[in-house]
Amino acid sequence: MLNCLIVGMPNVGKTYFLISFAEYMGLKKIQLNLKMKAGMNTAVNYSLEEARDKLVSDKENYTRDLQYININIRIGKAEKKIKIIDTCGLHEGIHPEQEIRKSMAETIDEITKSNLVLHVIDIKNIYKNNNVLYAVDQMIYNYAQKKTNYVIIVNKIDLKNYLNNLKIIRKKLSSTIIIPVSAFKKKGFDNVKYLVNNYA
Amino acid sequence: MIDQQTILDRFQKGEISISKAFNLLTEEDREKIKKVNIVKKNGLEELHNLVGLNNIKGLIEDLTAFLQVQNLREKYHLKSNGQVNHMIFSGNPGTGKTTVARILSTILYEIGLLKSNKFTEVERADLVGEYIGHTAQKTKKIINKAMGGILFIDEAYSLARGDKRDFGQESIDTIVKSMEDYKENIVIILAGYKDEMQSFIDTNPGLASRFAIKLNFPDYTIEQLVKISEKMFRDREYILSDRSKHYIYRVITELRNKEEINSNARMVRNLAEKAIRNQARRIVKKNRVNKIDLMTINTDDLIRGLDNA
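Residue numbers (this note's numbering), protein chains in the order written: chain A, 1 to 200; chain B, 1001 to 1309.
Wrong hints could be hidden among the right ones.
Claimed, not checked - With a straight-line Cα cutoff of 16 angstroms, these simulated EDC-like cross-link-like pairs (lysine to aspartate or glutamate) come out: (1) B:K1245 x B:E1223; (2) A:K146 x B:E1027; (3) A:K102 x B:E1015; (4) A:K146 x B:E1031.
In case anyone wonders, no lab produced these hints; they're calculated from the structure.
Whenever a hint applies, use it, and build me the whole structure from the sequences.
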């Protein structure tokens, strides 16, 4: 089974990416498994609209617990299972809320346990100067790259004004796999599927 | 060095920022791939130079490898069971128990399991006192002296000499207690004749489980004894003439057949030492000597050596 982890800063669209990818993979309903605080797991079923409605918000750190969905992929006759884990956004500094710090710690811990890390970066968070990435993004980049298979997902490419940033990041991080998507417009998921198939 | 869990715990508690956490995690990784040299063990080489004892050599080698890996694993905070076990060496006198124990202290020191290569050899008289309360004190003193190294108790069964009023039992109790208290600091080896050791262990429940490693030292074969004697002379830079070699072989065979030697290598050592003294007496009577004379042991030296052995 492929353990695929979605990480990134708050509000870059990690959960939205997860839902859109599930939709692209042909899921009509999403069974979301939550890793609860006490170590128990619960599952909640959503339709796609419900999921977008309830799980996504423009508030920071709307996703708190680690949540994951299982997707089965058919490759020829064989069926393979992928577990995609959505995580809590990683903040700079020390977050005042203990609960969020705990979720962040779990997220970091999860990096070492995954076979594939999808690092979602907001296209707006790319800079022209030497450090292309935000400090936290840079740290995730440095760390996860050493630990496991690491891919950058540049999200929100529907924001036309920022498209130039894609060229910048591709030039600066030329040796990293970078997949541009728009979770909102459901663009670029064919490449994500191709990628995930590769590791499954 | 701190591990991933500790780093994440500290982050969770708000003690460190996320950048600090990532820095520490990266450091931890570096620590993991940092190489520790595998120590070369002179002790093992010494062990290999001993004649015979192939069984024992193999066991010691396995034990050394195991303990060394456990010890290395501990350095990387991996689960380990690097505890040194106490041991029982059984066998007839002169079968190499003390020699092997002495080498073992070097090995355990070299692989970092013991703090020193100190080797303390004691017997009943060193441990047992003369009046009530004296024994525990005396035993503790010895244990403190041996701390950090190996404590070798020869003829350990003599500590349990039947009588209930005997102070030996007090000594055993003290030893068992300190074994628990200073587990990682001392290795205790009990040595003695095989049968006596067995009944000693059987009559003292609690010893068997604490002395997990039992090595049995077999008697040397005649050929091994001959080799040992040759090695003793060689190590001391003496040469045996062909006739002397043959003579030693014959003598050892004869003694073994008459079952006069069960003291094994010790008897051979006595023979060698006497022969060396006899040679010296013979040499000083001469007017002139050369290097060969000083090195050669002839049959006369051996015959007289045997008489006094």
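Results of checking the hints against the structure:
1. B:K1245 x B:E1223: 12 angstroms, holds
2. A:K146 x B:E1027: Cα-Cα ~12 angstroms, so holds.
3. A:K102 x B:E1015: 12 angstroms, holds
4. A:K146 x B:E1031: Roughly 14 angstroms between the alpha carbons, so the hint for K146 of chain A and E1031 of chain B holds.
The earlier numbered hints are all upheld by this structure, with none contradicted.
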